[in-house]
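Colleague: Respectively, the protein sequence lines represent chains V and G. With the working numbering, the residue at position 48 of the first sequence is 48, and numbering never jumps. Whatever position you read off the second sequence (first residue = 1), add 1000 for the working numbering.
Quick caveat, the hints were computed from the structure, so don't treat them as lab data. Hints may contain errors.
Unchecked claim - Restraint ranges, calculated between C-beta atoms of paired labels, are given here:
1) GLU1174/G x GLY22/V: 22 to 28 angstroms
2) SER1127/G x SER26/V: 22 to 28 angstroms
3) ASN3/V x GLY1135/G: 24 to 30 angstroms
4) ALA1148/G x GLY22/V: 38 to 44 angstroms
5) GLU14/V x TRP1147/G: 24 to 30 angstroms
6) PHE1141/G x GLU6/V: 27 to 33 angstroms
7) ARG1096/G x GLY22/V: 19 to 25 angstroms
8) ASN1155/G x LEU29/V: 34 to 40 angstroms
9) MET1/V x ASP1114/G: 20 to 26 angstroms
10) ALA1031/G x HIS17/V: 39 to 45 angstroms
Claimed, not checked - Short derived list, chain V residues pointing at chain G, Cβ under 7 angstroms:
11) CYS4
12) TRP25
13) ARG28
14) HIS30
15) ASN39
16) PHE46
Said to hold, decoys possible - Non-contacting residues of chain V with respect to chain G, defined by C-beta distances greater than 10 angstroms in every case (computed):
17) MET15
18) SER20
19) GLY21
20) GLY22
21) ARG23
22) LEU29
Just so you know, even glycine gets a beta-carbon here, dropped at the ideal spot from N, CA and C.
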Amino acid sequence: MMNCREAVKLMSEEMDHDLSGGRRWSLRLHLLICLGCRNYRRQLSFLRQACRHEVAVDDTPPPAPPPN
Amino acid sequence: MTLNARGRADPGPSPAAGSRTLPAAAAGIAAEMAGFQREMLRFAVLQLRDQASAEDAVQEAMLAALQGADRFAERAKLKTWVFSILRNKIVDIIRRRVREPSYQAPETEIDDADFDPLFSANGHWHSDSRPADWGDPEKSFENQRFWAVFDGCLNRLPAATARVFMMREMLGLETDEICTELAMSSNNCWVVLHRARMGLRMCLDQQWFNAGEQTR
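So that you can see chain G by itself, here it is in the shape it has in the complex:
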């Protein structure tokens, strides 16, 4: 799609916009959006785990932003605004997927026994799995390699588990909204979130904080 490939809109009616004419403010917004388009795509790919749907979501979000350009007055918050449109597009796609026959419920990925190796029989941490101090972990935010590890760890989570986690933490939905969308009980929702956090924490611990990566 031309809009995505070039990251800016044509001055005239573009194929992306169909026959509709874009508002006057659209050209400026298009140029600004091009600056964070890759971030949008990365964000969408993480959550949808599918390049094609992610690209669709990003293009739809950018198009919606262009069409609504005149309503958008606070340019300082453009990125936040565009990402909120993208979030809605991602939720729409997830909503559609839940209705597909191939949909796998997150509960089916849960097995509490997976955590057995971490704890002794009385339920206390084994000495080698007890969480150690991560020091000043926020420093890692500045490090590009940290984000590669972080994305890698998210991708290692079972797909449906990761979806619930990202709906909660990245799309910012409340658990009861997630339950409704995915037709889960609250209890199952919490169990899935717990599992996701356990897995993500452990992965970061091994791949980053304990790998001596963050000090390099």
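Same shape as in the complex, but just chain V:
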């Protein structure tokens, strides 16, 4: 059975590439029973969101273009 220490490593890896079937499955099983790791996983996606937020997200309309 996978432990939390292995699970956090896999949760980070899955942010960067697809996990192989076996590892993905073991992680899923672990997450079913581990609330701490489920929280961790949500927090990892939050970190990604926060970083994307740092990079200019153009959510405000720019001022009207000046007349040329």
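Use these hints to put chain G onto chain V, whose structure you have.
Modeller: Just chain G now, with coordinates in the frame of chain V:
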């Protein structure tokens, strides 16, 4: 440099542009860029950890944007476009740094034993380090103080580790591109990213989500 200090270009040939004349659209773009120049600088400083190189990157990006002003039709996405130029400038600087003798490889900052205090001997979370629910963390995005804490946490990461993390999450590079640029194995790359995420998560947990800061 005059372009940076005033945030706009002179109508005539400016010292920044050398002897080249800027396209007609440049003046409008310069004025708009001035509005997010500080954001650009903050973004570059975070990643380069060096004010001078960050200023260079921002100035080069702004100049490139001005020179390419005529090619840029979709003004609605100006900021995105300028930031993508800035991202490339930052990657160029990182690329040059990797070749310097003083370059420190991210792998040298890794020590898995650093995480020992978080886990029991069987590899499960200690009860006091088990990640708790952060509630609705996205609400913090609206809070200026959150971003100060976030930047502080990024700055606390070891420099090379932070660089890999930001190349991945802020510059948006794939891990194999990062591996190539930094001459690392994919496995090392993942280990470094894992360490960065662990560190950043823990720092935010302590400094923000558990400090009761976000509800103030």
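Colleague: Run every hint past the structure and note whether it holds.
Modeller: Going through the hints against the structure:
1. Separated by about 23 angstroms at the C-beta atoms, GLU1174/G and GLY22/V satisfy the suggested range of 22 to 28 angstroms.
2. The hint said 22 to 28 angstroms for the Cβ distance between SER1127/G and SER26/V, and at roughly 23 angstroms that hint holds.
3. For ASN3/V and GLY1135/G, the hinted distance range of 24 to 30 angstroms is satisfied, since their beta carbons lie about 27 angstroms from each other.
4. At about 42 angstroms, the CB distance of ALA1148/G to GLY22/V agrees with the hint of 38 to 44 angstroms.
5. Taken as a hint, the range 24 to 30 angstroms holds for the pair GLU14/V and TRP1147/G, whose Cβ atoms sit roughly 27 angstroms apart.
6. Between PHE1141/G and GLU6/V the CB atoms are about 31 angstroms apart, so this pair conforms to the stated range of 27 to 33 angstroms.
7. Separated by about 41 angstroms at the C-beta atoms, ARG1096/G and GLY22/V break the suggested range of 19 to 25 angstroms.
8. For ASN1155/G paired with LEU29/V, a C-beta distance near 37 angstroms keeps the hint of 34 to 40 angstroms intact.
9. At roughly 25 angstroms, the beta carbons of MET1/V and ASP1114/G sit within the given window of 20 to 26 angstroms.
10. A beta carbon spacing of about 42 angstroms between ALA1031/G and HIS17/V agrees with the range 39 to 45 angstroms that was offered as a hint.
11. Checking CYS4/V against chain G: minimum C-beta separation of about 5 angstroms stays under 7 angstroms; hint holds.
12. The beta carbon of TRP25/V comes no nearer than 18 angstroms to any beta carbon in chain G, farther than 7 angstroms, and the hint placing it at the interface is violated.
13. Taken as an interface hint, ARG28/V does not check out: its beta carbon lies about 17 angstroms from the nearest beta carbon of chain G, beyond 7 angstroms.
14. Residue-level restraint check for HIS30/V is violated (minimum Cβ-Cβ distance to chain G is 10 angstroms; threshold 7 angstroms).
15. A hinted interface residue such as ASN39/V counts as satisfied when its beta carbon comes closer than 7 angstroms to some beta carbon of chain G; here the least separation is about 4 angstroms, so the hint holds.
16. About 5 angstroms separates the beta-carbon of PHE46/V from the nearest beta-carbon of chain G, less than 7 angstroms, and the hint is met.
17. Under the 10 angstroms C-beta cut-off, the non-interface status given to MET15/V relative to chain G is violated; the minimum distance is some 7 angstroms.
18. For SER20/V, the shortest C-beta to C-beta distance to chain G comes to about 13 angstroms, beyond the 10 angstroms cut-off, and the non-interface label holds.
19. Distance check for GLY21/V against chain G: the nearest CB is about 18 angstroms away, which clears 10 angstroms, and the non-interface claim stands.
20. Once the 10 angstroms rule is applied to beta carbons, GLY22/V is consistent with being away from chain G; the minimum gap is 17 angstroms.
21. With a cut of 10 angstroms on Cβ distances, ARG23/V stays outside the contact zone with chain G, its closest approach being about 12 angstroms.
22. No Cβ of chain G comes within 10 angstroms of the Cβ of LEU29/V; the nearest lies about 15 angstroms off, and the non-interface call holds.
Of the numbered hints given earlier, the model fails hints 7, 12, 13, 14 and 17; all others are met.
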